[in-house]
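Chains as they are written, first to last, in the numbering used here: chain A, 1 to 281; chain B, 1001 to 1281; chain C, 2001 to 2310; chain D, 3001 to 3310.
Using 20 Å as the maximum straight-line C-alpha spacing, the simulated EDC-like pairs for lysine to aspartate or glutamate come out as follows: (1) Lys2086/C <-> Asp261/A; (2) Lys1005/B <-> Glu3093/D; (3) Lys2293/C <-> Asp3204/D; (4) Lys2215/C <-> Asp3176/D; (5) Lys3215/D <-> Glu1231/B; (6) Lys254/A <-> Asp2081/C; (7) Lys2052/C <-> Glu250/A; (8) Lys3052/D <-> Glu1250/B; (9) Lys2052/C <-> Asp251/A; (10) Lys3052/D <-> Asp1251/B; (11) Lys5/A <-> Glu2093/C; (12) Lys1008/B <-> Glu3093/D; (13) Lys3293/D <-> Asp2204/C; (14) Lys1005/B <-> Glu3085/D; (15) Lys3215/D <-> Asp2176/C; (16) Lys1090/B <-> Glu99/A; (17) Lys2215/C <-> Asp279/A.
Some chain C residues near chain A, calculated using beta-carbon distances under 7 Å: (18) Gln2030; (19) Thr2055; (20) Gly2056; (21) Pro2060; (22) Arg2061; (23) Met2062; (24) Pro2066; (25) Ile2073; (26) Gly2221; (27) Phe2274; (28) Gly2275.
Keep in mind the hints are simulated off the structure, nothing from the lab. Even for Gly, the Cβ is constructed at its ideal location relative to N, Cα and C.
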Amino acid sequence: MIPLKINKNATQINAEVISNKKVGPYHHMVFAVADMAAHSRPGNFVAISVGGSQSALILRRAFAIYRAIDKGPMGGSIELVVAPHGEGSKWLCARNIGEFVDLIGPLGTAFGIPTTNANTMLIGGGYGSAPLFALAELLKNRGCRVDMVLGASTANKIYAPLEGKRSVSSLTLTTDDGTAGIHGQISEAIPRLIREFGTEVIYSCGPMGMLSAIAKIADEFDLAHQCAVEEAMACGIGVCMTCVVPIKHEDGIKMVRTCIDGPVMDGSEIIWDRKTVLDAL
Amino acid sequence: MIPLKINKNATQINAEVISNKKVGPYHHMVFAVADMAAHSRPGNFVAISVGGSQSALILRRAFAIYRAIDKGPMGGSIELVVAPHGEGSKWLCARNIGEFVDLIGPLGTAFGIPTTNANTMLIGGGYGSAPLFALAELLKNRGCRVDMVLGASTANKIYAPLEGKRSVSSLTLTTDDGTAGIHGQISEAIPRLIREFGTEVIYSCGPMGMLSAIAKIADEFDLAHQCAVEEAMACGIGVCMTCVVPIKHEDGIKMVRTCIDGPVMDGSEIIWDRKTVLDAL
Amino acid sequence: MSALDFSTKIGSKRFSNPIFTASGCASSGQELSQFFPLSSLGAVVTKSIMTKPRTGRATPRMAETPSGMLNSIGLQGPGIDTFLEKDIPWLIEQQAKIIISIAGETVDEYGVLARRLRALSGISAVEVNISCPNVENRGQVFACHPDTAVAVIESVRRNIGGELPIIAKLSPDVTDIVEIAGAVINAGVDGLALINTLLGMVIDTNSMRPKLAGKTGGLSGPAIRPVAVRAIYQVHQAFPNTPIVGMGGVASGQDAFELILAGASAVSVGTATFGNPNAAMQIKEELSQLLTKNGLNDFRDAIGFAHRGI
Amino acid sequence: MSALDFSTKIGSKRFSNPIFTASGCASSGQELSQFFPLSSLGAVVTKSIMTKPRTGRATPRMAETPSGMLNSIGLQGPGIDTFLEKDIPWLIEQQAKIIISIAGETVDEYGVLARRLRALSGISAVEVNISCPNVENRGQVFACHPDTAVAVIESVRRNIGGELPIIAKLSPDVTDIVEIAGAVINAGVDGLALINTLLGMVIDTNSMRPKLAGKTGGLSGPAIRPVAVRAIYQVHQAFPNTPIVGMGGVASGQDAFELILAGASAVSVGTATFGNPNAAMQIKEELSQLLTKNGLNDFRDAIGFAHRGI
Ligand SMILES: Cc1cc2nc3c(=O)[nH]c(=O)nc-3n(C[C@H](O)[C@H](O)[C@H](O)COP(=O)(O)OP(=O)(O)OC[C@H]3O[C@@H](n4cnc5c(N)ncnc54)[C@H](O)[C@@H]3O)c2cc1C
Ligand SMILES: Cc1cc2nc3c(=O)[nH]c(=O)nc-3n(C[C@H](O)[C@H](O)[C@H](O)COP(=O)(O)OP(=O)(O)OC[C@H]3O[C@@H](n4cnc5c(N)ncnc54)[C@H](O)[C@@H]3O)c2cc1C
Ligand SMILES: Cc1cc2nc3c(=O)[nH]c(=O)nc-3n(C[C@H](O)[C@H](O)[C@H](O)COP(=O)(O)O)c2cc1C
Ligand SMILES: Cc1cc2nc3c(=O)[nH]c(=O)nc-3n(C[C@H](O)[C@H](O)[C@H](O)COP(=O)(O)O)c2cc1C
Ligand code: FES
Ligand code: FES
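Chain A extracted, bound-state conformation (with noise of 0.2 Å):
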């Protein structure tokens, strides 16, 4: 048996950064990536290094793939939605127009598309709306309902550029503050919605609480549910084991690395509960 090549297609390379712009808080940025663009489906992520050549950080950091475009004016190009957040995104946020960096790519998983039109609902909370966008599009063109919902904690939080919203049927929004769309926990929301659209296939990315919340909801609703997950990563390349979810297993509980069978994940298989994993182990 010989396994499927690990991190096919991952190159690392220079990528110059060709834009910087920032979007309410974030900071929507555009690398030169040559043939990366090519490769790259939505879900996937980059690995970025960060602070230099002296830097104490040692570890890159990941970025979902907002949008690859394979031949733009300046050849491939990918597209981050990146939240200034801790000491690398802030470098990274700092970067100018002409600076390179170390970027990997593309990696991990892609979100499955359905072969047949189904329809679909995607949920993103905060930058975690970033790669829906480019699976908006791709659902659409496959004849897909697409239903979006973009939740954060207040307003200027919910990323949802507009050229971004020509894909989606319906864009619902959410915020915990009530300062745009519906006021509350976007999980709340879901469950009408799903009712509303008649969603056949959840995909979702945003932080963990948020998933799990929506894992729940689709596990009543029997929908399928894509996530994608977003745990702390060192390599980014499955080579360090860090960066596991706990799955169901045949004997209990398997970690798997969410940077190379993640970060698109069965959410019906993620052992959600942390006391039920804890006690397992």
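Knowing the structure of chain A, use the given hints to seat chains B, C and D with the ligands on it.
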């Protein structure tokens, strides 16, 4: 007994880079430092944080003050001559105009000025010439004869800007490879020049090997010799005890801190021979 | 300038170059093979394998620290059966030189693992990771005491038979690493691996609790390199004839050279691979340039050079 | 929001805030007094003083390492006579709280030093730096074995008399720091200082020789912080009633908070002062903000918080 306050006048500021020009293999950099300039004397140095907030380089780098201008168009300013040698100095040389660096100064001792007119010789190796130009001006204004001798391994490593040369009576160059001036090590040329110019006081700054050779010559000619030494410094403010040089002392050897009792020291007091030191310890 | 002889030896085995992966930092090799051919490494040191499949610890399993990181994986792995069935044949197919790292919770478990490697063809050495908690003795790590360290090595030696070189991997978290090294050398190891991670902890100042699920973790990366150099220097000084596989924070050819000058006969690259999948290849290239530049055309002349006069 | 009670206690002594300097990293205090008033520190811990004046080691005495540094000063100092005559009166004049660090080459030397401190007024504690080579026992460091550590503490205890709190400063370079801590606690110390530097080495790849004149040196700075946090956590877990002065790579209020959550009652700032003379003051300010933000209005509630459930 109340001791003299150590680090008197030293302050820690965020200094704006107001100029950064490549001059041969060096960078001539100017920083806006407000009041600090007024307190700076030839021989003093500044200590600068390098690498930014997430740097793995945790220690400051010391740089001799090339020139301090009390009241320029931007208020007080300090000029440095930086050789892009390792990671820290390369980072500094890469700073653009308008960026800020964390800078402490003025630090250390200054060159002593003769109380009567004297024939002085200023000897600089490589970027060691930097603090000598301001010294030359000061000495000339006090009525001293100033002969300057600058050496380096090769021609373009001699730092001798036009405006710096105003104050000197003579300028002699030496290069190890003969690409400019006298062919050979700087110390080889000195005895003849001392005789020629009737030198009474020597000031020197450069690599320790050069200073040691000059100290020997000064001793033979029985001349006063003030040298600015360069020892590896961790703190630059006298708290770490790493930067010491051995000086002669009644009970043998005493280690004195070159950051507060130097960098300008009496060349005749330093024990230059490493074996003597190691045997005594 | 004559050609560089880059080969190195541990016990009876020769390796084409001294750059290895570090155990647990290259998984089973497949993940890296997208980036470079594994056969260009001196050797692949596999992640420590135990007898049974292991789930490992809960997450978070890692925390970044200044110029370093903590990990607490808990030796997740498929168990020796699956490992020998799947991973090893694949590595052999890649023409990689293989050093198998083994780990156990009891002296017997090491013996059982060693027996499984007996007469296994295609492997070049066994690295015995003795930095594991000894379940029979209050969870104290085997590598922390000469007697438990020796017990493990003797059990491996007895069971493995043949000529396969045995490398003992020591922990730096001891009062006197030279003493432990001496004990396992007496027990018959052919080489030493220095150093494993340092025990560390990070507390999350938001949750105000230890950041790792396992509370403590192993500190690796450039932060610990001075400790690795010191340990290698001390052990090489005491036992100049025992080959050392050095590791700890090597991220450049210059770093590797430092460990070699201290006394390492080979250098494993661990954490650096996380920041740069091509790290081992870049380090190999930079090291070969440094050796050539310094006129060290026979790699073996560089080993322990810092101990000799100038 | 109620006012923060920022005071802390070691033995019978109270300090207005928990931010101290680290021994050997603030010289005798004068150098820093240009940058801030020493009285605003919880305490100044003086550099370790010995009986006689010491020249210390040859240079180079330092090497920068990733997020850290090595030092090998060799306890240069004026000797106890000059120190008590000049440095201490000056510090008292500054209204600084003073902790005197002492170091010896023999158990007796510690005793002699302790006798000199007996009944000395104006000082708040003595820190016993036992990470010194024992000249009577093959240069083995006192802190590395419970018996030698205890011998030093008993000698200090006997000679110092009175109420002056005794703090034992331990080395992390041991197999079991909890064992050493337990031994010195039994011998009657009032507090512990954790951690001293880790033994390390840097080899200069140009000269191909150890970079420091003393070959090995002590590793300090952010690189070692995870080791400090772990040591403090372990010791506080075992001996929750013994105050710990924590140190090791603290460069921000958040770092100090981490050590406090692990169990430190006070935090010494060492290497960070080299990069920033105002480090201690910044750390103090940031820490007070963090405590307030987390509703920890009594500093003592934060000590060891990471051990308690949520
Ligand atoms: C698959 C994946 C996709 C991601 N996509 C995006 C994106 O599109 N936009 C975006 O802004 N960010 C994204 N992130 C998060 C990003 O990788 C960084 O973690 C984030 O930017 C914070 O890094 P920092 O250095 O600024 O923060 P710091 O807090 O200074 O450093 C974060 C450190 O903690 C680790 N870490 C701890 N918890 C987590 C966690 N839950 N997730 C990731 N890393 C963690 C990081 O690896 C790093 O070592 C993604 C992460 C993953 C794993
Ligand atoms: C008083 C004084 C004045 C100086 N003036 C100048 C100047 O005018 N122009 C200039 O270009 N440089 C000057 N230097 C040297 C400068 O401080 C840096 O050492 C140099 O730039 C190399 O630093 P780096 O980070 O680039 O190199 P790296 O090699 O990466 O780092 C150098 C490291 O080694 C230490 N170190 C080792 N040996 C020495 C040494 N002999 N001198 C200083 N540091 C050492 C440094 O502190 C630092 O930690 C001066 C040094 C001193 C002490
Ligand atoms: C994520 C991770 C997993 C590791 N797993 C193992 C292991 O299974 N067996 C082992 O002997 N060492 C293991 N180590 C230790 C490394 O092999 C190496 O000794 C240590 O990390 C120091 O080297 P480095 O700084 O280059 O990483 C692991 C280290 C890391 C970072
Ligand atoms: C240059 C230097 C000198 C030191 N001298 C002493 C000393 O004399 N006595 C002592 O107990 N510790 C000494 N130490 C150790 C520090 O007090 C402290 O324990 C250690 O450096 C860790 O803290 P840090 O990382 O904040 O520096 C010294 C450390 C350095 C860097
Ligand atoms: S991040 Fe290293 S295995 Fe996934
Ligand atoms: S550099 Fe620290 S004492 Fe001089």
